[in-house]
Amino acid sequence: MDIRVRHLAKEFKTFRALHGVDVDIASGELLALLGPSGSGKTTLLRVIAGLEEPTGGQVFFGDVDATSIPVRERGVGFVFQNYALFKHMTVARNIAFGLEARPRDRRPSSTAIAARVEELLDFVQLSGLGGRYPAQLSGGQRQRVALARALAVEPKVLLLDEPFGALDAKVRKELRKWLRIIHDKTGLTTIFVTHDQDEALELADRIVVLNKGLVEQIGSADDIYDRPASPFVYDFIGDAVGLDVAVQDGRAYVGNQSVPLGILLHGYGTGRLYVRPHHWQFSDAEGARLVGTVVSQRRSGSERRAEVELAPGVSFEISVMPGQEFTTGDRLGMRPQRWRLFTGDGRVFDPTVTGEPLDYEI
Amino acid sequence: MADDALIPDLHLPEPRRLPPPRSPAAPTVVSEGPLARAAIMTVAFLFLALFLVLPLITIFAEAFSKGVGAFFNTFSDSDALAAVKTTFLVTAIAVPANIVFGIAAAWAVTKFQFPLKSVLLTLIDLPFSVSPVVAGLVYIILFGAQSSLGPWLAAHGIQIIFALPGMVLVTIFVSVPFVARELIPLMQEQGTAEEEAALTLGASGFTIFRRVTLPNIKWGLLYGVLLCNARAMGEFGAVSVVSGKIRGETATMPLQIDIYYNEYASVAAFSIAVLLALSALLTLAIKAVLEWRFANELAAGRRH
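Residue numbers (the numbering used here), protein chains in the order written: chain A, 1476 to 1837; chain B, 255 to 558.
Read the hints as simulated data drawn from the structure, not as lab findings.
Any given hint might turn out to be false.
Here are the simulated SDA-like cross-link-like pairs (lysine to any residue), alpha carbons at most 25 Å apart as the crow flies [unchecked claim]: (1) B:K365 with A:E1527; (2) A:K1687 with A:K1562; (3) B:K339 with B:L535; (4) B:K499 with B:A399; (5) B:K472 with A:K1631; (6) A:K1562 with B:F463; (7) A:K1645 with A:K1687; (8) A:K1562 with B:P439; (9) A:K1562 with B:L535; (10) A:K1631 with A:E1593; (11) A:K1562 with B:I462; (12) B:K472 with A:D1499; (13) B:K365 with A:T1542; (14) A:K1687 with A:E1527.
Covered stretches of chain A, going by a simulated chain B footprint (3 or more residues, C-beta under 8 Å) [as the list claims (entries may be wrong)]: (15) 1535–1548; (16) 1623–1630.
Beta carbons: idealized from backbone N, C-alpha and C, even for Gly.
So that you can see chain A by itself, here it is in the shape it has in the complex (with noise of 0.2 Å):
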């Protein structure tokens, strides 16, 4: 089932979550909504499901137009943030609700059903465990019934809003796989909610990075790791510091220093230079390099980072390969080796960019 999201907007009494937004899935495909809190993909999600009405825009299931189909007829499986198990059910009664629910003519004989959950116990590792309660379960067992009750009903659509939220970092990482198991096995479309970048980019086919309720970018893990569409993109994936520039016939400025951008600009523009900590290349050579002093280092996990001060209050990461040693005080030489530069009215720029020399009239 491939869903086509069109101009959707939602207004709530004081806050517009979403100023429409469009957003095509594939049929099977496994998407990421990715964003701070406040960005507008629970939300999302939500009018995707059916919860939350939507004040603009449709919702395409395939060519249905679905904005006005009820939730309980739309046939989605959703896992909420907080699982949301029945607390009062064991975990058979939990995963078997759906099917009992129906209607008499649609619903399914009790062995059916019963043999249907078992099916699913097994199917999501917790076989033997029917007769259980939530409040018995682990966090990431839990986890899995609310996947297996949403399977129930066998849902056109799965839909998943921070799924590993509430776990702890070994058991998301094992989930993280395991989902990516579920999705390939069952060959749902899928769309799932997190604000981890790292799940995002590990476990979708492709990512929507949203901000404010507006799509920054759609793309692969790749397009959006290395080819971010917007400072937003950049500085919410990854780590990246962004240098105010002045740019003038293919030279940054900085301060009172500049460096060739290696690609021809002319003319005359400012714009904001992204470069990512490891993308900094150490220099010697004179008048092509920008260079700064090491005012602070620091571990972040695997890295180690050296902060670098070009000039008063303009400084930013590098990354320290293994080897190097600095010392506070040092003086560094280095030049961007890959970058963006993301100018004042919503152009791009990036050292891929070659053929004819581009304008840069500001």
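Here the structure of chain A is known, so what remains is to put chain B in place on it, guided by the hints.
Below, chain B without anything else, positioned relative to chain A:
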């Protein structure tokens, strides 16, 4: 779906068997010396004995002061039996009405957003702040013979004041907050996630209520119903105003006690009081059992 070889081994720990929920023990930070503690406790217990236990004992002592025979003799009086019957009838109508209203109000307040929500919340508490006598008078002004509705009601042979309908109305009025007040915080705490989950699973509104909402609120509901019931049975002021205290017809148990007492039939008065006191004690016992057994589910509603 049968191919399990793809699923990595997750090394799931065996889930712990959780002990049944109990309320946590009260913190035992004591700053007073033993003497002060003893004094405070003595004051508390003396107060309880003087103001609660002593009157309770007096009721039983007075009722049985002329022997067990005299106690049972009271209930051979048709007026006394009529009063018992009237009380149960009024309660049997008022309490279910308030269950329906209480659930509807709690549902509306906790599951929907609508204007004037805070007004509804305040209005639910109104009967707590209005004197029952005033409530009774309001109903007389609304439905009595002198009211604008009065002639119309009389022409159609409907009697509300000095009859059962009026007594039921005021009883509903004075006992209306109990169920709703018990359910609103409970349902607020539970939120709408489980209902939404049931909705995505295709359940109808009624199925969701019966299989998801009701099981989640049943103990809170029962607790509210007990309180509502106790208030409905014991109401004096409002019922006294609208009933007209017609012996054998519109007298409830509290009213009949008053009638007997004014006629110096103190054994009869206290015999009925014993009945009321017993029902109150029974309510307390059930309440205590519920609180002990379902402390966690009730905790959200602990505001009284």
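Comparing the hints with the structure gives:
1. B:K365 with A:E1527: holds (14 Å)
2. A:K1687 with A:K1562: violated (35 Å)
3. B:K339 with B:L535: holds (20 Å)
4. B:K499 with B:A399: holds (17 Å)
5. B:K472 with A:K1631: Given pair K472 (chain B), K1631 (chain A) is violated - Cα atoms ~35 Å apart, limit 25 Å.
6. A:K1562 with B:F463: holds (15 Å)
7. A:K1645 with A:K1687: With a Cα-Cα distance of about 31 Å, the restraint between K1645 (chain A) and K1687 (chain A) is violated, given a limit of 25 Å.
8. A:K1562 with B:P439: Status holds; Cα separation ~18 Å.
9. A:K1562 with B:L535: violated (33 Å)
10. A:K1631 with A:E1593: Given pair K1631 (chain A), E1593 (chain A) holds - Cα atoms ~21 Å apart, limit 25 Å.
11. A:K1562 with B:I462: holds (14 Å)
12. B:K472 with A:D1499: violated (45 Å)
13. B:K365 with A:T1542: It holds: about 22 Å lies between the C-alpha atoms, which stays within 25 Å.
14. A:K1687 with A:E1527: With Cα atoms ~18 Å apart, K1687 (chain A) and E1527 (chain A) stay inside 25 Å; holds.
15. 1535–1548: holds (count 3)
16. 1623–1630: holds (count 4)
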